[in-house]
Amino acid sequence: AQKITQTQPGMFVQEKEAVTLDCTYDTSDPSYGLFWYKQPSSGEMIFLIYQGSYDQQNATEGRYSLNFQKARKSANLVISASQLGDSAMYFCAMREHNYGGSQGNLIFGKGTKLSVKP
Amino acid sequence: GAVVSQHPSWVICKSGTSVKIECRSLDFQATTMFWYRQFPKQSLMLMATSNEGSKATYEQGVEKDKFLINHASLTLSTLTVTSAHPEDSSFYICSASLAGDSYNEQFFGPGTRLTVL
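Protein sequence lines, in the order shown, are assigned to chains A and B.
What the first sequence shows, in my numbering, is residues 1 to 118, in sequence order.
What the second sequence shows, in my numbering, is residues 1 to 117, in sequence order.
If you are wondering where the hints come from, they were derived from the structure by calculation, not from laboratory data.
Just so you know, even glycine gets a beta-carbon here, dropped at the ideal spot from N, CA and C.
Some hints could be false.
Said to hold, decoys possible - Have a look at the derived ranges for each label pair, beta carbon to beta carbon:
#1 A:GLU15 - B:LYS41: 20 to 28 Å
#2 B:LYS64 - A:LYS3: 20 to 28 Å
#3 B:SER18 - A:THR20: 40 to 48 Å
#4 B:SER5 - A:LEU84: 27 to 35 Å
Stated by the list, open to error - Straight-line alpha carbon distances no greater than 25 Å define the calculated DSS-like cross-link-like pairs of lysine-lysine that follow:
#5 A:LYS3 - B:LYS41
#6 B:LYS55 - B:LYS20
#7 A:LYS110 - B:LYS41
#8 B:LYS66 - A:LYS117
#9 B:LYS14 - B:LYS55
Kindly generate the complete structure, drawing on both the sequences and the hints.
What follows is the structure, encoded as structure tokens:
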């Protein structure tokens with residue numbers, strides 16, 4: 001079973017509008033972290049936002065917010081006031097708990113290609 | 001902020017040759033570095049986890065004798081693709097985590113695009 005599911009291969013949004021990118025996850029670990037990354041055509045992975053499984057409030061970073069619904073195991077990314085520069089691939093990722101000081105690896109979804117229309 | 005560099009950013013090589021890719025954490029120490037591979041229009045797939053001073057842990061299906069990883073210091077990990085073949089052509093990305101950071105954020109390098117002719 002997939003650990004991270006992104007059901008939208010591609011999305012279009014009008015400039016200045018908000019858009020939600022879906023992400024659901026599957027884990028039995030009570031301690032985990034959820035990440036969103038942006039990958040423009042240049043290939044670099046740009047960290048956007050992080051949500052810890054024990055965080056009570058939804059994470060926000062500027063125009064990015066994470067709609068964390070723990071019971072539903074969803075962690076949707078909301079981008080407000082879309083800009084042309086937001087056009088890119090967006091990956092949701094999860095890291096399960098930290099084993100004895102070593103860093104747990106990230107598991108990525110398949111990504112959503114966002115296109116912002118002028 | 002934490003910066004990770006990769007060198008080279010792109011490389012073209014002949015089939016059968018070996019290619020070394022470097023991953024450096026420029027302004028922080030990283031006890032753990034990760035190597036990912038990304039084929040066109042696909043997601044990042046973890047190849048191996050590299051811990052400073054110890055052998056790398058490879059994911060299932062990744063040949064450790066083909067993809068040699070060395071993590072000799074807290075700021076440098078190298079990936080050597082030995083006897084490269086066209087099917088090894090891909091985008092290779094490394095990431096590094098801050099030593100002792102409970103937040104566990106991974107900082108990614110800019111990637112290396114490998115083309116094997």
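**Request:** Please name the hints from earlier in the document that this structure breaks, with their numbers sorted from lowest to highest.
**Result:** 8, 9
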